[in-house]
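Once you have looked at the hints, place chain B on chain A.
Those sequence lines, one after another, are chains A and B.
With the numbering used here as the guide, the letters of the first sequence map in order to residues 1 to 114.
With the numbering used here as the guide, the letters of the second sequence map in order to residues 115 to 227.
No lab work stands behind these hints, which were simulated from the structure alone.
Worth double-checking, as some hints may not be accurate.
[Unchecked claim] Here are some, though not all, of the chain B residues that point toward chain A, as calculated from beta-carbon distances under 10 Å:
1) Y150
2) P158
3) F176
We put the beta carbon where it would ideally sit given N, CA and C, even for glycine.
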Amino acid sequence: NAGVTQTPKFRILKIGQSMTLQCTQDMNHNYMYWYRQDPGMGLKLIYYSVGAGITDKGEVPNGYNVSRSTTEDFPLRLELAAPSQTSVYFCASSYVQGANTEAFFGQGTRLTVV
Amino acid sequence: DQQVKQNSPSLSVQEGRISILNCDYTNSMFDYFLWYKKYPAEGPTFLISISSIKDKNEDGRFTVFLNKSAKHLSLHIVPSQPGDSAVYFCAASDGTGANNLFFGTGTRLTVIP
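Here chain A stands alone, though its shape is the one from the complex (with noise of 0.2 Å):
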C-alpha cells in the first residue's frame, strides 16, 4: 500500500533552474495539497487541489506553479529557483466529503537552492 509517493527524495538546484516535484497517490483521493516546512517552522501551504483539472493558491504561492490532469497525480513546479525556496516540500493527500477528514502525507522533497 503505497499511499502517497514523492519523487526525488532530495535535490540540490542551482539559483534559477526550474525541476519539477512529483507526487502521487494511490487511494484515490480527491484532494491532493503541496506544503512547505522550513527549519523550526510549521507546514505551510503552497498549492491544494480539489479534483482533476482544478488548483487553487495557498498561503505560499509565489515562485511555484502545479497541474491536476489526473486523480492521482498532483506535480509541483519550481521555474526559477531561488535561495528562498530551500526547504522540505510535503505533498498530502485526502478523501473530503463533508466532514473534515486527516490529510496523509508523503515522505518530502528536501531542496537547497545555491
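Here is chain B on its own, set in the frame of chain A:
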C-alpha cells in the same frame, strides 16, 4: 501571522509518565483540530483529531482535549513510551477551501527510557 501556536519547542518525559503537549490558536473559525507525529526524514502521520463540537477525544494512550473558550488544545500521552519520541504538530482547519490545514511549529518530544 501564526494562527496555530505551539510555544514549547521541546519536552522531555520519563518513560511511563504522562506527556502533555499544548497548542493555542487564534482563529475562532477553526472547527477541526488534528495532531500529527513526525519522525526524522519522514512525512507527518496522523495521530488523533477532534471536532469543535467536542471537548475530548480518546484513542488508546492518546487523548486530545479542546477548550474552545480559551482557544487551547492539548495532547496527552499516557503512558509515554520511547517510541513516542518525535516531533508533534498541532493543526487546525476552518472548514473552508479544501480542508486546508494550518500547522503549529511543532514540539519535539523525547521520552527517556
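Status of each hint after checking the structure:
Annotation: B/Y150 was flagged as interfacial toward chain A, and the flag holds, the nearest CB pair being 8 Å apart, inside 10 Å. A distance limit of 10 Å between C-beta atoms decides the matter here; for B/P158 the minimum to chain A is near 5 Å, and the interface restraint holds. Here the hint on B/F176 is broken, as its CB sits about 14 Å from the closest CB of chain A, past 10 Å.
Hint compliance for this structure: hint 3 alone is broken.
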